[in-house]
Amino acid sequence: MTALLTIIVLLLVAIAIWQMTKIFELSQINTDNSQIANDKDNKLNGYLMFGFLVFIYLLTIYCFWEWGDVVLGTPASEHGSEYDNLMFISMALIFFVQIITQALLHYFAYKYRGEKGKKALFFADNDKLEFIWTIIPVIVLAGLILYGLFTWTSLMDIDEEEGNPMIIELYAQQFNWKARYAGTDNVLGEANVRLIDINKNNVIGIDETDSYGEDDVISQTELHLPVGRKIIFKMRSQDVLHSAYMPHFRAQMNCVPGMVTQFSFTPTITTEEMRMDPDMAEKVRHINKLRAERRANGDDNADPWEFDYILLCNKVCGSSHYNMQMKIVVESEEDFNAWMEEQQTFKESMAAAQ
Amino acid sequence: MSATAQAHSEEHAHDHGHHHKETFITKYIFSQDHKMISKQYLITGLIMGTIGILMSIMFRMQIAWPGESFKIFEVLLGKWAPDGVMDPNIYLALVTIHGTIMVFFVLTAGLSGTFSNLLIPLQIGARDMASGFLNMISYWLFFLSSVIMVISLFAEAGPAAAGWTVYPPLSALPQAQGGSGLGMTLWLVSMAIFIASSLLGSLNYIVTVLNLRTKGMTMTRLPLTIWAFFVTAIIGVVSFPVLLSAALLLIMDRSFGTSFFLSDIFIQGEVLHYQGGSPVLFEHLFWFLGHPEVYIVILPAMGIVSEIMANNSRKPIFGYRAMIASILAIAFLSTIVWGHHMFISGMNPFLGSVFTFTTLLIAIPSAVKAFNWITTLWKGNLQMNPAMLFSIGLVSTFITGGLTGIILGDSALDINVHDTYFVVAHFHLVMGISALYGLFAGVYHWFPRMFGRMLNKNMGYIHFWVTAICAYGVFFPMHFVGMAGVPRRYYTNTNFPMFDDLTNIQVVMTVFAIIAGLVQVLFLYNFFHSIFYGKKAPQNPWKANTLEWTAPVEHMHGNWPGAIPHVYRWPYDYSKTKENGEYVIEGQDFVPQTVPLQENEEELNH
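Those sequence lines, one after another, are chains A and B. In terms of the working numbering, the first sequence opens at residue 1 and continues consecutively. In terms of the working numbering, the second sequence opens at residue 1001 and continues consecutively.
By construction, these hints were calculated from the structure, which means they are not laboratory data. Be aware that one or more of the hints could be misleading.
Said to hold, decoys possible - Simulated restraints on C-beta separations:
1) B/1054 to A/304: 26 to 32 Å
2) A/69 to B/1529: 46 to 52 Å
3) B/1554 to A/71: 58 to 64 Å
4) A/159 to B/1351: 48 to 54 Å
5) B/1248 to A/69: 46 to 52 Å
6) A/81 to B/1273: 44 to 50 Å
7) A/199 to B/1248: 38 to 44 Å
Said to hold, decoys possible - Straight-line distance between alpha carbons at most 25 Å, and here's what the computed PhoX-like set of lysine-lysine pairs gives:
8) B/1535 to A/119
9) A/40 to B/1535
10) A/128 to A/40
11) B/1578 to A/40
12) B/1027 to A/40
13) A/43 to B/1578
14) A/116 to B/1027
15) A/118 to B/1543
16) A/118 to B/1578
17) A/43 to B/1071
18) A/116 to B/1071
19) B/1535 to A/116
20) B/1543 to A/111
21) B/1379 to A/118
22) A/111 to B/1379
23) A/230 to A/200
Unchecked claim - Covered stretches of chain B (chain A as the covering partner; in silico rule of three or more C-beta atoms under 8 Å from a C-beta of chain A):
24) 1100-1110
25) 1450-1456
Ideal Cβ positions, reconstructed from N, Cα and C, are used throughout, including at glycine.
Using the sequences provided together with the hints, build the complete structure.
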């Protein structure tokens, strides 16, 4: 189907080019061969400029109509709605400026297309005009900068004393993620890649002599988060740069070998609730329809899909970068505690290995 | 200083045609003539551009039809595409080398190198660059670095594949990725030579503009092209050496066991000895060049477009002094905004605030430029030559691409779109496509000056319109892919069912990209065909005011057969009228810079 569509598009473009050459050729009769634009060229290209403006507008409308629903949708963290609000304001401003400036540019190109004998206006400068379009961006940007900086500062002000946060370490390596929970004491044990000992099942290098580490819990498959509780992520990487990207939570931070980076957010919507979200349900339905079509065509990577939050790697990290992911489960406090009960602590897993 | 240089070159002018006998080698290969060197830059740039664009089409095909077998992959990629299916490692290599080639080899050397060389001496009224010999060395170092970059594609374990930003540790450790072995070594060597070439070129441009201007050519009578090239060269001199130091330190880490950028690494079952270094340091050093670099790419295009737009609108550029001021402001700000590439790199968030502030300030001079261009069109008599179309195209893509910079430059908003396709869409429109349009505009406009022949305008029109539609067709929908959270540099998105509904966007973008690639073949045909068979050009085909059109078309060293022309006015006296409403020179809507002030003519203080 796509191949057919492609061929049709290519054919249509080829025909369009052929026809355009024809038009140009026809417009060349009885004219000079100077290769400098004449009145006919000016007229044709002036009209095309106007056409191009229409094209830009139609493309914008088409993209919104056809693909407006692919964007991320309802944010699942406390700061997410503030983020989306700032994004919406910036977008509205961008589209306003875009629509007006493109219109002026292309309309002028159409309106003032050259004609023999026409006199252009000698208009070299005007201080008032230039002042106006310097001061307007200054004022608008001042507002945006202030709003952005307030959001940024409140996001990045990570206070471990405030609001009883849960400490979780995200540990990145080529090409998977591990999560370490700080356990009942909520303090992560010291760790360094030099302490990794595969034989003793110490896969992320926790200091065996540090008592804070004994109750730490390592999850290698899923990242579980209790809803409504502030989480502070401490990120580490054992080999190259990675980036912990959790798009539904509007959260991202690089994982840098040799240092610990951090990011904090409070998840507000459980996985179950998000599956009920009307936009999300619609998106899932749409995707499952596409997958069903592919399944019918014998594609083996097309099982029905159920929504889950996801942690992706967003800094190129090698050949399997495109598949470095971990499922995130946001659940109620009780479900989270029940899940945590089933996990082995670091001390237990060490003992089991010996 | 300038007076002595002047006297010297005038003496020099008299002995033309007497003693230097030009052989094929001195004329076409080891030439010290700036016009020939500019052609060498342009053609080398076009060849590298062809390679870069071909790579982009291949990886676009992989994203649109992941895992599909294509004959072209098998032919071009060989062992990297068994049975025609692209390997993930070569995908990353293609992305990396595409970025490197397009940014450095096409848009820095191919654009700035070509037109700085061609136009600086011709538009300021100089016989040649301050040092023709250094200029020749500069080109040949560029050629050498291009050859090494191309050779690196054939490295056994693959070419460099860590992204064009080559962040360590990925780029430093052959254990992390095949491409970080010999491929990366060659990449670094090539870039080090490229930087040397760029520095020699830039120093030459700066000295030439400062010292070799002809009589009457004050700084405020310079065409905006020269202002742009001059300021670009200054940014290059300030920032390129920092990249050289980053490259050298990375070479040390890779080959001599130092730990500038590496620390605490456990890879493939063993702990490496590195301790105390930081990849974040590399990011700072890289982007200290990397960000000014995008202005090194776009400023010459802006200068070219300002000149072409005024000429084809038959109007002076609006706000000449504001244009110069905005070039200077952009240049200054460009050196203090690099941190916006690193908001989430782990650097102190307070730094992020500072960089957000400086970054968003750049929108102000950019807005001034855009509005001034639009006003230049207003009430003009627009001559729609292909160069003019590409200039208008640049303003359009610069606005569309630049506006999304407001989102990316805001540290808070950057969190969720950082390193997604939103970024790819942004920078391709604002500096990739826009700078390419500047390059094309320059080629269409100055082709007669370079080769004495005209490019075919109808092929030019088709080239522009198809490219313009496809550029938007590729990069406008790409914003939506980014807003959906798709990370860049993913070999395939099929491992995430949540991205399944984007497959058709990917196909649309790829189809547009393929068409855009094909229409460049038409341009190449037009270019090479017209060099030999194009219509002979008159001396001043575009009725322009600047000095390069007063020099004869024939290839000659020294540019002007007699004395160097003197300058009496700024270059934008288009459609200037006297008090009685007549043109200053009757029946002619332009007044070349070499024409003295006429009777009854009011001199404007620009």
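Evaluated hints:
Checked against the hint of 26 to 32 Å, the pair residue 1054 of chain B and residue 304 of chain A fails, with Cβ atoms roughly 39 Å apart. Separated by about 48 Å at the C-beta atoms, residue 69 of chain A and residue 1529 of chain B satisfy the suggested range of 46 to 52 Å. The hinted range of 58 to 64 Å is satisfied by residue 1554 of chain B and residue 71 of chain A, whose Cβ atoms lie roughly 59 Å apart. Restraint check, residue 159 of chain A to residue 1351 of chain B: a C-beta distance of roughly 19 Å breaks the suggested window 48 to 54 Å.
A beta carbon spacing of about 49 Å between residue 1248 of chain B and residue 69 of chain A agrees with the range 46 to 52 Å that was offered as a hint. Checking the proposed 44 to 50 Å range against residue 81 of chain A and residue 1273 of chain B shows it holds: the Cβ atoms sit about 47 Å from each other. In this structure the hint that residue 199 of chain A and residue 1248 of chain B lie 38 to 44 Å apart at CB holds, the actual value being about 40 Å. A C-alpha spacing of about 29 Å is found between residue 1535 of chain B and residue 119 of chain A, which places the hinted pair above 25 Å, so the restraint is violated.
Between residue 40 of chain A and residue 1535 of chain B the alpha-carbon distance is near 20 Å, which keeps this suggested pair within the 25 Å criterion. For a cut-off of 25 Å, the pair hint linking residue 128 of chain A to residue 40 of chain A is broken: about 37 Å separates their Cα positions. With a C-alpha separation of about 30 Å, the suggested pairing of residue 1578 of chain B with residue 40 of chain A is violated against the 25 Å cut-off. With a CA separation close to 41 Å, the supplied pair residue 1027 of chain B and residue 40 of chain A exceeds the 25 Å bound.
About 29 Å separates the Cα atoms of residue 43 of chain A and residue 1578 of chain B, which puts this hinted pair outside 25 Å; it is violated. Between residue 116 of chain A and residue 1027 of chain B the alpha-carbon distance is near 42 Å, which puts this suggested pair outside the 25 Å criterion. Restraint check: the Cα-Cα separation between residue 118 of chain A and residue 1543 of chain B comes to about 15 Å, which is no more than 25 Å; the hinted pair holds. For the proposed pair residue 118 of chain A and residue 1578 of chain B, the alpha carbon gap of about 17 Å is at most 25 Å, so the pair holds.
The straight-line distance between the Cα atoms of residue 43 of chain A and residue 1071 of chain B is roughly 44 Å, outside the 25 Å bound, and the hint therefore fails. At roughly 52 Å between alpha-carbon atoms, residue 116 of chain A and residue 1071 of chain B are farther apart than 25 Å, so this suggested pair is violated. The suggested pairing of residue 1535 of chain B with residue 116 of chain A holds, with an alpha-carbon distance near 23 Å, which does not exceed 25 Å. Distance hint between residue 1543 of chain B and residue 111 of chain A is fulfilled; the C-alpha atoms sit about 22 Å from each other, no more than 25 Å.
Taken as a hint, the residue 1379 of chain B and residue 118 of chain A pair is honoured in the structure, with Cα atoms around 10 Å apart against an allowance of 25 Å. With a C-alpha separation of about 8 Å, the suggested pairing of residue 111 of chain A with residue 1379 of chain B holds against the 25 Å cut-off. Under the criterion of a C-alpha separation no larger than 25 Å, the hint pairing residue 230 of chain A with residue 200 of chain A is inconsistent with the structure, at around 33 Å. Residues of the segment 1100-1110 of chain B lying with their CB closer than 8 Å to a CB of chain A number 0, which falls below the three-residue condition for coverage.
Remark: the segment 1450-1456 of chain B is confirmed as covered by chain A, as 3 of its residues place a Cβ nearer than 8 Å to a Cβ of that chain, reaching the required three.
Hint compliance for this structure: hints 1, 4, 8, 10, 11, 12, 13, 14, 17, 18, 23 and 24 are not met, and every other hint is.
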